[in-house]
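Colleague: Sequence:
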Amino acid sequence: MKPDSSFYRIQSNEHFIINQIKQEEYKGNKDNISRTKTYQRYFLKNPEIAWAFLASMVSRNTGWNMGDLYGEVIPDLLDEETRKRLFLTLEKANWIIFKDAFPQLLIYQYSKMIGRPLFHLLEHFYVSSFMQYEWQLFWEMGDRKRLLYALIVNEQYVIQQPVILHPSYKYKIFHSAFFILHELLHFNCVIFPTTNGELYGESVVQFKKVWKRIDLGKRLSSILFDDDLYPRFLHFAINTEPTGSRYDYERYGYEKRKRKNPFIRTVLPIIEHHNRQVGDWSLNHQPKPGWEKAPCTISPVALTNWFYQKDEQLELYHLAKQLLSKR
14 MKPDSSFYRI QSNEHFIINQ IKQEEYKGNK DNISRTKTYQ RYFLKNPEIA
64 WAFLASMVSR NTGWNMGDLY GEVIPDLLDE ETRKRLFLTL EKANWIIFKD
114 AFPQLLIYQY SKMIGRPLFH LLEHFYVSSF MQYEWQLFWE MGDRKRLLYA
164 LIVNEQYVIQ QPVILHPSYK YKIFHSAFFI LHELLHFNCV IFPTTNGELY
214 GESVVQFKKV WKRIDLGKRL SSILFDDDLY PRFLHFAINT EPTGSRYDYE
264 RYGYEKRKRK NPFIRTVLPI IEHHNRQVGD WSLNHQPKPG WEKAPCTISP
314 VALTNWFYQK DEQLELYHLA KQLLSKR
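Quick note, in the working numbering, the sequence shown goes up one by one and the last residue is 340.
There could be a bad hint or two in this list.
[To be verified] Simulated pairs of lysine to aspartate or glutamate, EDC-like, Cα-Cα distance not exceeding 20 Å:
#, residue 1, residue 2
1, K97, E285
2, K105, E93
3, K158, D240
4, K112, E285
5, K50, E254
6, K125, E153
7, K43, E104
8, K112, E37
9, K273, E85
10, K306, D239
11, K50, E85
12, K323, E85
13, K273, E325
14, K273, D324
15, K225, E305
16, K323, D89
17, K105, D44
18, K125, E61
19, K273, E61
20, K222, E305
21, K221, E104
22, K273, D89
23, K271, D324
24, K158, E305
25, K273, E153
[Said to hold, decoys possible] Label pairs and their calculated CB-CB ranges:
#, residue 1, residue 2, range
26, N209, Y39, 23 to 31 Å
27, D241, I284, 36 to 44 Å
28, W304, Q33, 25 to 33 Å
Hint data in this document are derived by calculation from the structure and do not stem from the laboratory. Glycine included, C-beta positions come from ideal geometry on N, C-alpha and C.
Build the full structure now, drawing on both the sequences and the hints.
Modeller: This is how it looks when you write it as structure tokens:
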């Protein structure tokens, strides 16, 4: 018995969808700015997918970290080769996450448009079996928070082997004196700004451990979607074009600051990544029991003064190094 014409039409539509997703993923994954904006546009169209807004705001932070490498302070503290390695590490991790996550988001969006689940297409994009199950469950049950946490878990496992544990990054970056010092002094921080100058967020500690990063992601999500703060963060995002310069948020501060970091598209190249497929992490690893539960958190506290004090400490260290080098 031959399949009827509707079978071929469906198959043809699915090939079209796969090709469209590949094109949209490639376009959105050009650089940090394109990723930040693409995640945000998606969230505004699909506000039930909270992870997309979290990813956009974390991507803004990645851009600011990239800009720091070419600002007024860090170039005097780190040689060019080290700064290049740090940039490539940030770029690689975020490129991999986008390449894995954005097709998932688009398949869900197409499923909504068509009115039936298309999650069998996830295997065409080498998405983990863990997420294939979670998307189907979300379609049936609609548990937004579980999906948010599932995506946080998945993306941290996705980068663990090719970035965090890769010898090139593991020893030259994550075991470097600069990285360890930054963790000890809590200079590494993910912040969520507001247009009234206040900053909220969390310090990044023990970044090499996948469960520390997952816990951080969950805590950040609880801050970002806090009932009182979420409208302020969204207002900042909608009204502030991402540039990779910390001036994006410093211009809203109590003390108006001059721009110290460049717009990253003026100093950083587009990187052509090797398209190696990441294996299915969930075949060899199981998330910790309770991963779907909310983190133990306290009410978000503004980090504004603390963060700028850390910034001043780094500038003082920079000044001291300059004075010593002149002797």
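Colleague: Hint by hint, work out which the structure violates, then give me just those numbers in ascending order.
Modeller: 11, 19, 25 and 26
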